[in-house]
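Visitor: Sequence:
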Amino acid sequence: MPELPEVETVVRGLQAHLPGRRIVEVRFGKTDFVIEPTAIAAGLAGRGISGVRRFGKFLLVECEAADSAGPRDAAAGAATKGAVEKDALLIHLGMTGQLTVSAASAPVAPHTHVFFALDDGRELRYTDIRRFGQMQLLRNGDRERVLGSLGLDPLEASEAEFTARVGERNARVKALLLDQHVLRGVGNIYADESLWRARVHPMRTGDSLRPEEMRALYRALQATLREAIRLRGSSVSDYVDAEGARGEFQLRHRVYQREGKKCFRCGAAIRRAIVAGRSSHFCPRCQRAPRKKRSLKKR
DNA sequence: CTTACGGCCTGGGTGC
DNA sequence: TGCACCCAGGCCGTAA
1 MPELPEVETV VRGLQAHLPG RRIVEVRFGK TDFVIEPTAI AAGLAGRGIS
51 GVRRFGKFLL VECEAADSAG PRDAAAGAAT KGAVEKDALL IHLGMTGQLT
101 VSAASAPVAP HTHVFFALDD GRELRYTDIR RFGQMQLLRN GDRERVLGSL
151 GLDPLEASEA EFTARVGERN ARVKALLLDQ HVLRGVGNIY ADESLWRARV
201 HPMRTGDSLR PEEMRALYRA LQATLREAIR LRGSSVSDYV DAEGARGEFQ
251 LRHRVYQREG KKCFRCGAAI RRAIVAGRSS HFCPRCQRAP RKKRSLKKR
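So that you can map any letter, position 264 of the first sequence is 264 in the numbering used here, and since no number is skipped, the others follow by simple counting.
There may be inaccurate statements among the hints.
[Unchecked claim] Simulated DEER-style distance windows between Cβ atoms:
id	residue 1	residue 2	range
1	P19	A164	32 to 40 Å
2	Q257	R226	18 to 26 Å
3	K262	E36	44 to 52 Å
4	A65	R285	38 to 46 Å
5	A65	K261	51 to 59 Å
6	P19	Q257	18 to 26 Å
[Said to hold, decoys possible] Below, in silico cross-link-like pairs of lysine to aspartate or glutamate (EDC-like), each with a Cα-Cα straight-line distance of 16 Å or less:
id	residue 1	residue 2
7	K86	D179
8	K86	E64
9	K86	E62
To be clear, the hints were calculated from the coordinates, so they are not data collected in a lab.
Note that the Cβ used here is the ideal one computed from N, Cα and C, for glycine as well.
Put together the whole structure using the sequences plus the hints.
Guide: Now the structure itself:
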């Protein structure tokens, strides 16, 4: 399940292969998860790739300016196009999406639905068993419209920003961590792992966290994400990086998918419960449940 | 406005 | 061997 660390790992892998390459042709298999596939094919054929970046769980393949096919005066271009946003291909990997670079002659994995032929004889391929992913071409101005409402990147947010976002909300902290409009990039694995690390129960509300708990959660979230990036993400089902290799952070999971197993800190049996509509894994001893029912607002 | 919840998309894994 | 069912994450509609 690609979350921030997995997408970051894929992006870093793609950055080693794609910038400077040119997309020769785009071919599709199934397109029910693609917004305007014909626009993607027409818009990207012949375009050079200038960079790859992550935005939350989204991945952006950025194109060079459309008129860059021939020689041009860079200074003049900058002067006239200064406010123009680069076109970019926006990709969300959903649950089972994979982006890999391979030789065009390499065997095609099942459920591979998009092929970007590159000018060096290789292909960028999009494979997605469930097709819960998403792909669309962002033109000038689309970026703010599509991505503008997303929350802070958890690795860029200061402790004060994090506290302001989470600490004034009455919703369950698990729901807040998962809400992409609060923080962008956190999913079920890293929410559960961070809450365990911070010893905060997922059903606590944001505004019930004491300052030291809020600080612990902020630090736990960043430490967990950084370690997961270092270990190239969690491969619990289909996730692989741009080279097709699995990550290793799943070997460090302390609660996720460990229901019934012993807590690494205290030995109690890890529990699983549905919180915010999601499977949530926690230690019932280390992470104290809120005692009383939450008040339905002040009345 | 905020929060909670159910349904929908798809198909691999599981259990009978 | 087949087959019904569960579940995953994001998003959207609805209700309170």
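Visitor: Could you run down the list of hints and mark each one as holding or not?
Guide: For each hint, the structure was consulted:
A C-beta distance of roughly 36 Å is found between P19 and A164, which places it inside the suggested range of 32 to 40 Å. Checked against the hint of 18 to 26 Å, the C-beta distance between Q257 and R226 comes to roughly 21 Å, which is consistent with it. For the pair K262 and E36, the supplied restraint of 44 to 52 Å holds, since their beta-carbon distance comes to about 50 Å. Evaluation of the 38 to 46 Å hint for A65 and R285 yields a failure: the beta carbon distance comes to about 58 Å.
Distance hint check for A65 and K261: the Cβ-Cβ separation is about 53 Å, which falls inside the suggested range of 51 to 59 Å. A C-beta distance of roughly 36 Å is found between P19 and Q257, which places it outside the suggested range of 18 to 26 Å. Taken as a hint, the K86 and D179 pair is broken in the structure, with Cα atoms around 28 Å apart against an allowance of 16 Å. At roughly 7 Å between alpha-carbon atoms, K86 and E64 fall within 16 Å of each other, so this suggested pair holds.
With a CA separation close to 7 Å, the supplied pair K86 and E62 stays within the 16 Å bound.
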